[in-house]
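Enquirer: Residues per chain are reported as follows:
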Amino acid sequence: MDLFEYQGKGLLRKFDVPVPEGRVASTSEEAAEAARSLGGKVVVKAQVSVGGRGKQGGVKLASSPEEAGQAASQILGKTFTDQEGRGGTVCKRVLVERAGDIKSEYYCAFLLDRSIRQFTAILSAEGGVEIEKVAETDPDAIARVHIDPLLGMSDFHARELVFGAGIEPEARKGTIEILPKLFRAFVELDASQVEINPLVLMGEDRVVALDAKVILDDSAEYRHSFFGELKAVHEVPEQERIAKEKGLNFIKLDGYVGIIGNGAGLVMSTLDVVKAAGGEAANFLDVGGGAGAELLSSALEVITSDDNVRSVLINIFGGITRCDLVAEGIIDALGRLEVRVPIVVRLDGTNAEQGRKMLADAPHPMLVAADTMLGAAQKAVELAGEGS
Amino acid sequence: MDLFEYQGKGLLRKFDVPVPEGRVASTSEEAAEAARSLGGKVVVKAQVSVGGRGKQGGVKLASSPEEAGQAASQILGKTFTDQEGRGGTVCKRVLVERAGDIKSEYYCAFLLDRSIRQFTAILSAEGGVEIEKVAETDPDAIARVHIDPLLGMSDFHARELVFGAGIEPEARKGTIEILPKLFRAFVELDASQVEINPLVLMGEDRVVALDAKVILDDSAEYRHSFFGELKAVHEVPEQERIAKEKGLNFIKLDGYVGIIGNGAGLVMSTLDVVKAAGGEAANFLDVGGGAGAELLSSALEVITSDDNVRSVLINIFGGITRCDLVAEGIIDALGRLEVRVPIVVRLDGTNAEQGRKMLADAPHPMLVAADTMLGAAQKAVELAGEGS
Amino acid sequence: MAILIDDETRLVVQGLTGREGSFHGLRNRAYGTNLVAGVTPGKGGTDVEGVPIFDTVEQAVREAGANASMVFVPARFAADAILESYDARIAVIVAITEGIPAMDMARVVPYVRSHNGDAALIGPNCPGLISPGKANVGIIPGEICEPGPVGIVSRSGTLTYQIVHELTQLGIGQSTCVGIGGDPIPGSDFIDVLGRFEKDPETEVVVLVGEIGGDAEERAALFIQDHMSKPVVAYIAGLTAPPGKRMGHAGAIISGSKGTGQAKVAAFEAVGVKVGRNPTEVGALVKDLRGA
Amino acid sequence: MAILIDDETRLVVQGLTGREGSFHGLRNRAYGTNLVAGVTPGKGGTDVEGVPIFDTVEQAVREAGANASMVFVPARFAADAILESYDARIAVIVAITEGIPAMDMARVVPYVRSHNGDAALIGPNCPGLISPGKANVGIIPGEICEPGPVGIVSRSGTLTYQIVHELTQLGIGQSTCVGIGGDPIPGSDFIDVLGRFEKDPETEVVVLVGEIGGDAEERAALFIQDHMSKPVVAYIAGLTAPPGKRMGHAGAIISGSKGTGQAKVAAFEAVGVKVGRNPTEVGALVKDLRGA
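Chains as they are written, first to last, in our numbering: chain A, 5 to 392; chain B, 5 to 392; chain C, 54 to 345; chain D, 54 to 345.
In case anyone wonders, no lab produced these hints; they're calculated from the structure. Nothing here was measured: the structure is a model prediction, and the numbers come from that model. Any given hint could be a false lead.
Claimed, not checked - Partial pick of chain C residues on the chain A-facing surface, computed with a CB cut under 10 Å: (1) N120; (2) V162; (3) P163; (4) G201; (5) V262; (6) T293; (7) N331.
Stated by the list, open to error - Dumping the calculated DSS-like pairs for lysine-lysine here, alpha-carbon to alpha-carbon at most 30 Å: (8) A/K18 to B/K185; (9) B/K256 to B/K279; (10) A/K177 to C/K96; (11) D/K340 to B/K279; (12) A/K64 to A/K137; (13) B/K59 to B/K235; (14) B/K107 to C/K327; (15) B/K383 to B/K361; (16) C/K340 to B/K185; (17) A/K18 to A/K64; (18) A/K185 to B/K18; (19) B/K383 to D/K340; (20) A/K45 to A/K107; (21) A/K235 to A/K59; (22) A/K383 to C/K327; (23) A/K18 to B/K18; (24) A/K185 to B/K383; (25) C/K96 to A/K279; (26) A/K96 to A/K177; (27) A/K185 to D/K96; (28) B/K59 to B/K82; (29) D/K340 to A/K107.
Note that the Cβ used here is the ideal one computed from N, Cα and C, for glycine as well.
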């Protein structure tokens with residue numbers, strides 16, 4: 005789960021990480037009130053989980069409560085896209101923070117490096133910009149250390165980062181102090197990433213996390229009581245939300261061939277095969293392992309509710325999943341839904357013959373059987389009115 | 005530092021280890037008052053850091069505040085010896101604890117196993133007796149697991165202990181819960197040993213630490229604020245206390261040849277050589293590395309204040325320690341103290357010639373120079389009026 | 054021969070008394086796997102259809118001679134279960150459980166790998182492995198496999214079945230099929246399994262089934278170049294996945310400039326590994342190699 | 054040749070700007086040790102009598118080519134300093150510092166040992182080591198040593214000097230003298246050092262200096278029996294120490310039935326290792342062996 009800045013900062017504060025004083029507001033009145041209680045200059049920041057909000061007008065300085073209210077009204081309700089200009093997420097909240105005198109901006113991140121099975125910590129003397137850009141233009145400003153998960157972070161790691169990145173002398177002490185706190189937060193929050201950009205040097209040699217991008221590991225939800233609360237404010241598109249509630253792994257895409265499969269790898273492969281056959285997938289939908297009739301029926305419901313879908317491809321290779329139950333789910337869905345697009349079904353593996361026979365015995369005008377994965381993809385693309 | 009039972013239990017309580025409710029008392033009135041506030045039957049236990057206090061009358065059951073007071077008056081002021089009947093420590097405090105219905109007694113310990121560089125946890129289904137005896141009579145009742153310090157204790161370690169030792173079913177849950185708490189206490193307290201004998205099963209399947217023998221690592225004192233407070237109540241023999249204050253590592257022994265050396269290994273070797281020459285060492289005194297004149301002078305003061313000492317052997321091999329400073333310290337001591345026993349001095353290593361010359365230039369009737377370690381030992385034994 | 058599991062395998066299932074554990078454990082036994090024990094704390098002394106249950110893996114090793122384990126316990130207990138098997142000196146630990154927190158595996162995997170070169174952890178979040186005709190440990194359907202000369206190593210489950218199916222359809226059997234799982238830190242990666250296939254006399258060709266995300270495939274390509282004499286055919290799922298979209302597995306995320314399907318295909322082709330464009334073509338490429 | 058340190062040693066001292074660190078570091082340089090760097094965080098760019106100071110060990114390795122380190126920082130910073138050297142791929146780490154909490158070393162020692170077979174940690178709480186005529190890293194007085202064929206490994210400091218002195222008096226020099234220190238968990242134990250002496254062509258005889266407490270000597274005896282072709286002479290200090298009395302070192306406590314001086318002597322004699330009754334006799338025994 006990608007946390008909003010204010011959520012991430014709220015968690016970091018529990019680990020004694022210095023962050024600016026601030027309040028969350030979801031109306032311009034609340035924002036003005038927040039600015040009033042904070043006093044002085046404030047920054048009003050869009051709370052959206054996409055990068056590059058600054059360039060899109062999502063961060064505004066305000067020197068009075070009135071200005072803060074105005075800034076909030078410009079930001080709230082605005083749609084933000086990701087750095088490639090894709091997607092779109094409407095801003096529902098702003099974070100109003102006391103503005104301070106920033107002397108230097110750094111970058112800091114903790115993440116899990118799969119290749120070496122260790123944590124990696126990154127510190128850069130240049131912050132406030134994308135770390136990839138710094139890596140290109142000034143690689144010497146970036147220091148990296150690997151931290152063995154069995155040993156944890158030791159003081160020398162922090163020193164190697166600070167001296168390695170060439171952090172200014174007056175910021176050394178503060179940075180050496182903040183790094184182990186961030187590491188502890190990273191580990192104890194079950195984060196897959198803690199990124200502070202920028203980490204800033206302020207007056208009195210204070211080093212403060214001015215922004216925070218924290219990603220939590222959903223698998224660890226069971227051992228953190230705060231997960232549910234954080235999750236509650238995250239909104240996902242309606243169709244994805246319904247799918248998730250039903251236990252389906254669903255992602256909306258831009259095409260017109262609806263895809264249902266079991267197992268992420270097989271579904272990705274099915275997407276590739278549909279593309280190769282000249283089609284465009286309307287979605288990614290993985291029913292997971294051991295799906296029963298009800299889940300399959302739900303999956304078909306989710307897919308066929310999308311008006312962009314012109315044909316559906318069901319590609320199941322039974323393992324734990326039993327093809328007879330898959331067939332039962334399809335028959336059920338066809339009975340209770342008004343299905344107007346062709347549904348190409350390919351079944352193999354556990355109880356495949358039985359499943360195929362069940363479908364053959366329950367003919368439906370929209371139901372099309374296919375013998376192979378490639379054949380099924382071809383047929384689904386053809387029936388969508390496209391194809392090579 | 006070996007903690008008293010009540011100190012150990014106080015620390016374990018911070019780690020949620022269940023221990024009986026109790027109060028410390030240093031007079032019989034306080035003990036009676038403690039029993040009154042606890043209510044019902046109580047146990048009055050001598051707080052001494054030697055084993056086997058039970059056999060020496062150091063643990064008494066009392067069913068009323070009056071009985072508790074009487075028990076305390078019998079225990080307080082009593083001298084307890086170690087299990088071999090040596091030494092002697094006067095009991096200054098009792099622990100008054102609520103008595104409970106004990107269904108079973110177990111044994112549990114966490115310690116550092118040097119040979120394998122891991123922690124070892126021991127659980128025995130037989131407690132309340134010496135673990136060495138159980139090891140002889142019923143080895144199957146003892147389960148051991150090794151815990152890698154890098155990984156820490158995992159749940160399976162606790163299960164292996166509990167099922168391995170054959171703990172009764174009703175005590176399994178409680179024991180599996182208490183073990184990780186004891187482990188955490190062991191690690192976080194910087195203990196070199198946490199021993200619970202007995203660990204008991206009480207009513208409602210509760211598993212409780214009825215006794216606690218906790219030894220803390222003195223090297224870790226700097227990171228635990230509670231060390232000083234615990235230490236304050238520990239009394240050491242007068243001579244040892246003075247020596248310690250001066251920075252000397254001193255242990256009183258039963259013989260008559262006073263020994264001063266630099267480095268524990270060399271001092272032990274000197275003791276052996278004195279014994280081989282037919283003498284008995286009066287003490288072990290290590291001035292440590294880099295001792296200066298003042299420390300040497302103090303060392304001589306400590307040794308010669310012992311009336312049992314009939315001769316002194318100073319065996320110094322200079323490394324960081326400079327023999328000229330050693331000589332200076334000896335000369336200083338001879339000047340300011342009334343030394344009535346012969347002092348045999350053997351100097352080698354850093355600045356030895358200079359030191360020897362200084363001593364030769366400052367003759368004193370009690371000062372005897374020796375060329376070798378063996379020769380020095382022989383002479384010291386002879387001058388004590390003994391020898392082979 | 055085969056790799057990791059075979060006729061000598063003596064399996065203990067951690068969680069055999071659970072619904073999933075008993076279903077798959079007994080299914081593995083029905084396939085011919087020598088299922089010698091189950092472990093469920095507190096249920097020692099009972100049995101599941103004749104398979105004795107022990108309280109700890111250590112007992113299962115000592116009393117039933119178990120040398121391989123399958124972990125089928127819920128995610129929150131799985132890291133501990135893996136460590137228990139490791140501590141009991143189980144040689145092959147197969148963790149099917151999905152949803153184990155990454156922080157747990159970040160400690161468990163390096164620990165298991167660094168301390169004892171002999172123990173192999175497969176998974177977690179994997180379908181297990183099968184040496185057709187010898188032993189099946191996990192959830193791969195045995196019916197679709199045939200004994201033969203092709204080793205398969207894959208990050209995904211059902212996609213592996215698809216590829217096994219393609220091979221079996223062509224009359225080409227498998228020495229061992231290993232699903233290493235889709236977690237960020239798998240107990241064994243492509244390289245570990247490729248190294249075993251290289252040494253296995255029965256394996257003649259290896260099929261590697263990868264996915265977008267991470268750099269495990271790129272590292273495998275380098276390993277193949279330096280250490281493999283046997284031919285390898287690769288397949289990468291997700292070539293057309295839009296960047297940044299999560300595709301089910303944690304492993305299937307495009308991270309930065311690396312990890313794209315195209316980069317992986319290029320890495321394999323650069324070291325002479327043929328890459329099939331779809332599962333069917335993978336079968337055809339293997340057939341060509343066998344024919345050559 | 055010699056073991057662990059020699060003419061190729063390029064030493065960095067962690068804590069060179071401190072009083073003790075500079076005294077002994079410069080003394081080691083005066084002996085002939087190639088002292089290439091010091092490390093003190095925040096003092097990078099300065100120097101101590103011409104020896105450049107760096108902020109981190111990693112910089113000292115990269116810029117000054119350090120391959121050995123001596124840790125002279127206070128106990129509370131010492132575990133971190135050892136790990137820093139290890140992380141910077143220093144091959145020989147000599148920790149002189151005493152009083153490091155056992156819990157710290159319980160993590161550091163297994164970590165350093167398990168992850169990289171090449172790095173040797175000597176100490177902590179040790180006098181260091183010297184290869185006479187080549188290099189001296191630590192506090193052993195160089196004047197008492199002579200180059201020669203005897204390897205010495207010892208748990209104590211000044212007692213080692215005494216034994217070196219006995220040998221030198223008899224005209225017998227030393228290849229390397231290693232003080233492994235008296236802590237409960239030493240970075241290197243007798244076995245590690247004995248193994249190195251066995252492989253060192255310059256070492257012909259080994260003297261092992263032990264103490265009461267623990268079972269390191271007993272384990273060394275078994276190692277000698279199984280793996281040493283070179284003769285070993287042993288000495289055990291504390292044979293007459295009363296049981297249960299602490300004798301300065303944490304290592305010098307009698308624990309249970311094992312660890313007595315008598316048990317150690319018996320263990321050595323059982324494998325044919327001669328045990329001197331005092332330091333002088335150790336010299337005589339070595340002389341006999343050399344004469345034979």
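Enquirer: Take the hints in turn and mark each one as holding or not.
Expert: The hints, checked one at a time:
1. N120: violated (25 Å)
2. V162: Hint on C/V162: holds, closest Cβ of chain A at ~6 Å, below 10 Å.
3. P163: holds (5 Å)
4. G201: violated (19 Å)
5. V262: At about 7 Å, which falls below the 10 Å cut-off, the nearest Cβ of chain A leaves the hint on C/V262 intact, so it holds.
6. T293: Holds. Min distance 4 Å.
7. N331: holds (5 Å)
8. A/K18 to B/K185: holds (24 Å)
9. B/K256 to B/K279: Answer holds: B/K256 to B/K279 is near 16 Å, not above 30 Å.
10. A/K177 to C/K96: violated (55 Å)
11. D/K340 to B/K279: holds (25 Å)
12. A/K64 to A/K137: Distance ~24 Å between A/K64 and A/K137 Cα, so the pair holds.
13. B/K59 to B/K235: Given pair B/K59, B/K235 holds - Cα atoms ~27 Å apart, limit 30 Å.
14. B/K107 to C/K327: Judged against 30 Å, a Cα distance of about 70 Å means the pair is violated.
15. B/K383 to B/K361: At roughly 20 Å apart (the allowed maximum being 30 Å), B/K361 and B/K383 satisfy the hint.
16. C/K340 to B/K185: It is violated: about 59 Å lies between the C-alpha atoms, which goes past 30 Å.
17. A/K18 to A/K64: holds (27 Å)
18. A/K185 to B/K18: The hint holds at about 24 Å.
19. B/K383 to D/K340: holds (26 Å)
20. A/K45 to A/K107: holds (17 Å)
21. A/K235 to A/K59: Holds: A/K235 and A/K59 sit about 27 Å apart, inside 30 Å.
22. A/K383 to C/K327: holds (28 Å)
23. A/K18 to B/K18: Since the Cα atoms of A/K18 and B/K18 sit roughly 22 Å apart, the hinted pair holds (cutoff 30 Å).
24. A/K185 to B/K383: Answer violated: A/K185 to B/K383 is near 63 Å, above 30 Å.
25. C/K96 to A/K279: Distance of about 52 Å is beyond 30 Å: violated.
26. A/K96 to A/K177: violated (37 Å)
27. A/K185 to D/K96: Between A/K185 and D/K96 the Cα gap is close to 25 Å, so the pair holds against 30 Å.
28. B/K59 to B/K82: holds (13 Å)
29. D/K340 to A/K107: violated (71 Å)
Taken one by one, the earlier hints fail for this structure at numbers 1, 4, 10, 14, 16, 24, 25, 26, 29, listed in ascending order.
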